[in-house]
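Number of protein chains: 2
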Amino acid sequence: MKKKLFIPGPVDVAPDVLEKLATPQIGHRTQEATNLQKRISEKLQTLMYTDNTIILSTSSGTGIMEMSVRSCTKKRAAIFSVGAFGDRWYKIAKANNVPADHFKSEPGEPTTPEMVREVLETGKYDVVTVTHNETSAGLMNPVYEIGQVIKEFPDVVYLVDSVSSLGGAKIEVDKSHIDICLSSTQKSLGVPPGLAVASVSDKAIARAETVENRGYYLDLINVVNRVKRNYQYPSTPSTPHMWALDYQLSKIIDEEGLDNRFDRHTRLANIVREWAKKHFELFANEAYASNTVTTIMNTTGNSVKALNEELGKRGYMISNGYGDLKEKAFRIAHMADRKEEDLLALLKEIEDIWGLK
Amino acid sequence: MKKKLFIPGPVDVAPDVLEKLATPQIGHRTQEATNLQKRISEKLQTLMYTDNTIILSTSSGTGIMEMSVRSCTKKRAAIFSVGAFGDRWYKIAKANNVPADHFKSEPGEPTTPEMVREVLETGKYDVVTVTHNETSAGLMNPVYEIGQVIKEFPDVVYLVDSVSSLGGAKIEVDKSHIDICLSSTQKSLGVPPGLAVASVSDKAIARAETVENRGYYLDLINVVNRVKRNYQYPSTPSTPHMWALDYQLSKIIDEEGLDNRFDRHTRLANIVREWAKKHFELFANEAYASNTVTTIMNTTGNSVKALNEELGKRGYMISNGYGDLKEKAFRIAHMADRKEEDLLALLKEIEDIWGLK
Chain P
0 MKKKLFIPGP VDVAPDVLEK LATPQIGHRT QEATNLQKRI SEKLQTLMYT DNTIILSTSS
60 GTGIMEMSVR SCTKKRAAIF SVGAFGDRWY KIAKANNVPA DHFKSEPGEP TTPEMVREVL
120 ETGKYDVVTV THNETSAGLM NPVYEIGQVI KEFPDVVYLV DSVSSLGGAK IEVDKSHIDI
180 CLSSTQKSLG VPPGLAVASV SDKAIARAET VENRGYYLDL INVVNRVKRN YQYPSTPSTP
240 HMWALDYQLS KIIDEEGLDN RFDRHTRLAN IVREWAKKHF ELFANEAYAS NTVTTIMNTT
300 GNSVKALNEE LGKRGYMISN GYGDLKEKAF RIAHMADRKE EDLLALLKEI EDIWGLK
Chain B
0 MKKKLFIPGP VDVAPDVLEK LATPQIGHRT QEATNLQKRI SEKLQTLMYT DNTIILSTSS
60 GTGIMEMSVR SCTKKRAAIF SVGAFGDRWY KIAKANNVPA DHFKSEPGEP TTPEMVREVL
120 ETGKYDVVTV THNETSAGLM NPVYEIGQVI KEFPDVVYLV DSVSSLGGAK IEVDKSHIDI
180 CLSSTQKSLG VPPGLAVASV SDKAIARAET VENRGYYLDL INVVNRVKRN YQYPSTPSTP
240 HMWALDYQLS KIIDEEGLDN RFDRHTRLAN IVREWAKKHF ELFANEAYAS NTVTTIMNTT
300 GNSVKALNEE LGKRGYMISN GYGDLKEKAF RIAHMADRKE EDLLALLKEI EDIWGLK
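For the protein sequence lines, the chains are P and B, in the order given.
Quick note on numbering that gives the first Met the number 0: the first sequence kicks off at 0 and runs consecutively.
Quick note on numbering that gives the first Met the number 0: the second sequence kicks off at 0 and runs consecutively.
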């Protein structure tokens, strides 16, 4: 039985989007390939509220995280973390000998503009990384407000991981002064895994041009230059994902509409949060609760593993807590094309299995 | 009109293989994901004649080239090149500050066991890279014979790019003492672009464990450890490609059969070479001509661009020469699931357009 996925990616993908993966092959050096990327670029600019250059990377989102922090750090990166994917930026920096410091918030608490200001005022840093939506914590950081601080530090390049939020929450890249905003397809965008996307500012490009040892496959400049030349890539990209993404972006922008889509995500998030507060506790500070995934403390003492096994028999899959929280919490994603009725049905099943009233 | 692709990748993909891309999504941390990778691993071991560990990388083949040479070079890499993709190894090494020297053969001539022996006898190198099938030159290097030399140098890790040959020519990895044999899906394997594959020896793994600064997304050890643990990946892989590859490998191994498949490639290669010798000249030394792509010198003085445009109207696409050879040569690929009748029809069209007799 195919399970409905309420895990924070991969998400269920609509059949008509899946079908686009099976588009017959084209040469990656043809006008057709150029046109395909150009269409994707324009639609992603709309979705991201930006005029910046759009690039794709045939990799997971982690690939563009590495591309960004390795290519843009000349002095030292300030890595702000509110969970596992924030920590990943730091691991990536260390693995590439990129000078970096790690600023962690208390569990469930956000990265704040004040924290960022304090760190930047030391003058030690030329890159800031922030996780927009931390799937381990179910927490959304105030990337717009942080951006207003970063704007005051013209030498600082601002990198934002919006892997699990782009398409499920409004991210105004230009107004937030985000230099690289990166995401991947298998989360709120509603496309299968295998492709990452990013917007890249001229400031990020100018910085990267001065950084040595940027590597090859994930060299920001190598990719940007080729895209700027003719909307193509230095090596063969995943055209199946490009066809599916191009199609799904039209559905998101023209069919559902951006505001409708963000509103639907907010509505689903509110349903889960109210339900969670009734029966359990939220992990994250509610003022910063995520629009796309909710982390719920398992206050029952029941086994999360057993819950998920029983849900599996009934056609659903949720996620356990991340890392140390494996049995202490569980996570319900409400992203991409998820419908309210499916979410309500899932919550009913959990109530039934655990005898919640 | 959909053109039949005779370019050296991406290749045309069978409709039933394409359909597998559209398989509904699964969690990448599930038993189902583990089973999928395990099946792929076993089939690739069969195709590659090896007991080594199989890994996939959601990237182009270039991604695994970088993973290999960056992770395995502790002392210095000897890069042997017979064209553009051999040169790429050197660019990758330089872009990562990996010490490397570049040994180029004369145009159209192979990397020989003697060249490799002479270089290794200096004692300066602990990595050798060789391109098995150079698509720019239409040339296949004697990787088995080179492997017999490398065997005599137990500290040397042997990296082979078989991007455009795996699935179209017999590569006996273990008998050839190849430590990392890498490929990608959109060439002779007959799957769309977006995924790379490799076999990795224990010797390569042991070496990489001693190398620092291996990066993150393309860190060989990070990937190998996760695959060895439970056939999963550190970050979300392209499951659409995995479903398609799993299915296509069964077709290759069980339906067509490996020897039949390699024989068919040889037959097609012979047809193109005999035809090319009748009307033009071969670029590569014929003793080392490729099984999967033929580079033909354009001795007519006619425009290759115009030829390809006219072929396009008739439903075919070939490649021009690579780099400097753009108009001086053209390339016809004969790889993956290509049938003899289609190849013969293409050659007839070229004869017709250029008035060859």
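A couple of the hints might just be wrong.
Same chains, same names: a pair is fine if it fits in one copy or spans any two.
To be verified - Keeping only pairs whose Cα atoms sit at most 30 Å apart, straight-line, the calculated DSBU-like set for lysine-lysine is:
1) K276 x K73
2) K338 x K1
3) K250 x K325
4) K90 x K123
5) K90 x K202
6) K93 x K74
7) K42 x K276
8) K277 x K74
9) K103 x K42
10) K325 x K37
11) K123 x K93
12) K327 x K227
13) K73 x K93
14) K37 x K1
15) K325 x K1
16) K93 x K3
No lab work stands behind these hints, which were simulated from the structure alone.
### Task
State the violated hints by number, sorted upward, taking the hints as numbered earlier in the document.
Structure breaks hints 1, 3, 7, 8, 9 and 16.
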